[in-house]
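Mind docking these for me? Both chains are given alone in their own frames, and the hints should help you get the complex.
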Amino acid sequence: KAGVTQTPRYLIKTRGQQVTLSCSPISGHRSVSWYQQTPGQGLQFLFEYFSETQRNKGNFPGRFSGRQFSNSRSEMNVSTLELGDSALYLCASSWRETQYFGPGTRLLVL
Amino acid sequence: AQSVTQLDSQVPVFEEAPVELRCNYSSSVSVYLFWYVQYPNQGLQLLLKYLSGSTLVKGINGFEAEFNKSQTSFHLRKPSVHISDTAEYFCAVSDREIKAAGNKLTFGGGTRVLVKP
Numbered sequence: 001k002a003g004v005t006q007t008p009r010y011l012i013k014t015r016g017q018q019v020t021l022s023c024s025p026i027s028g029h030r031s032v033s034w035y036q037q038t039p040g041q042g043l044q045f046l047f048e049y050f051s052e053t054q055r056n057k058g059n060f061p062g063r064f065s066g067r068q069f070s071n072s073r074s075e076m077n078v079s080t081l082e083l084g085d086s087a088l089y090l091c092a093s094s095w096r097e098t099q100y101f102g103p104g105t106r107l108l109v110l
Numbered sequence: 001a002q003s004v005t006q007l008d009s010q011v012p013v014f015e016e017a018p019v020e021l022r023c024n025y026s027s028s029v030s031v032y033l034f035w036y037v038q039y040p041n042q043g044l045q046l047l048l049k050y051l052s053g054s055t056l057v058k059g060i061n062g063f064e065a066e067f068n069k070s071q072t073s074f075h076l077r078k079p080s081v082h083i084s085d086t087a088e089y090f091c092a093v094s095d096r097e098i099k100a101a102g103n104k105l106t107f108g109g110g111t112r113v114l115v116k117p
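Residue numbers (my numbering), protein chains in the order written: chain U, 1 to 110; chain R, 1 to 117.
For reference, chain R alone in the conformation it holds in the complex (with noise of 0.2 Å):
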């Protein structure tokens, strides 16, 4: 079974401010983790990935994380936030052996970012 963790439900951060969104897992398996964000009234769009190789990843609108398996944790950080970096953010993990297990992603309970003018 896995389980995620996101520390904080709401984040409010001023525009051009960094930014970091906890997000804490504990599985029994080996997991490939991600970040989605998810603007009002849509879908979720994936921003980053770690599957393998470097523990630091890097995404799309400039946002980062970095995987830590001491900690297991896998932190999503932002260093300038723009007024529309304004979402829920998302963080999921799923298991590695896909063909075994299936393809089911366990998400955390997201972070609302608020970015003020």
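Looking at chain U on its own, in the form it has when it is part of the complex (with noise of 0.2 Å):
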């Protein structure tokens, strides 16, 4: 099977503008989670999505948002970019409780 697919994989962009980031899971996972990795705040969870519908949510702004489709693949979305948001994006899809990462998208803010 396909891993967990992120584009793109590389980004930059200026702050105030937005940015859509897609994760493409693992055929048959239904499940799709976010998560930010920074060198300050290390892995953080974003959000989780099962179903369309989001299950989860962590502890950020509402610049920060996500959806899932009929086919369970997935887009964040961040608005109004800040310097702080630059990270690497990762994205995982679940089968049951374990959890597979893609390469992550790389984003800087200037």
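Quick caveat, the hints were computed from the structure, so don't treat them as lab data.
It is possible that some hints are incorrect.
[Unchecked claim] Distance condition first, Cα-Cα at most 25 Å in a straight line; then the derived SDA-like pairs of lysine to any residue:
(1) K49(R) x F64(U)
(2) K99(R) x T53(U)
(3) K57(U) x G110(R)
(4) K49(R) x Q44(U)
(5) K99(R) x R96(U)
(6) K49(R) x T98(U)
(7) K1(U) x G110(R)
(8) K99(R) x R67(U)
(9) K1(U) x L46(R)
(10) K58(R) x R96(U)
(11) K58(R) x F64(U)
(12) K13(U) x K49(R)
(13) K58(R) x K13(U)
(14) K49(R) x G28(U)
(15) K49(R) x T5(U)
(16) K13(U) x F64(U)
(17) K49(R) x S27(U)
(18) K1(U) x S24(U)
(19) K99(R) x G28(U)
(20) K1(U) x G40(U)
[To be verified] One side of the interface only, derived from the structure: several residues of chain R facing chain U at Cβ under 7 Å:
(21) A17
(22) S28
(23) Y39
(24) G43
(25) L44
(26) G102
(27) N103
(28) F107
(29) R112
Glycine included, C-beta positions come from ideal geometry on N, C-alpha and C.
Here it is as structure tokens:
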């Protein structure tokens, strides 16, 4: 089976812009989770979607949002970008209790 | 609420020597336990997991971990490391009640392993 894919892999934006990241889960996986990884805060949970519904949400401001489509693909959106949003954004798809991660999207906000 | 503490932020080790990475967790509910590895500029790769049963879990690349419920620990070990084991290692936990709580991983801060020749 193909693994989790994330697009784009690299992205440069400026403050105030918005960005949309995409994640395609492993075939058959219905749960998709998103994480932010920064040197200062480490790996932090953003949100999880299961069958197109947000099932869990981390402590991030409302500028961070996501959605899941009927084919389980997921997108996350960050509006009004701030310098502190520069990070590696990781998507994971789940089979039961186990999460499998994609390669991540590295976002740089200038 | 859950928290994970990885006691060593960096571990230098010589090639072919053993290594142990320590992980302690705190949780008010029963959890699943995981170790992931991250190579430079890559995502996370699952090394091993503890779901139930035997407390000694074997994973990929010769790694193993032991779950100790009384000490709430899940330490990772490898008897002989290779240069290619140079990476960052993350311990993580998730709530067993996935249907109710969702599937959320709480990670430790990571341990950087540097294998020296």
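Run through the hints listed earlier and report the numbers of any the structure violates, in increasing order. 1, 7, 11, 12, 13, 20, 21, 22, 23 and 29
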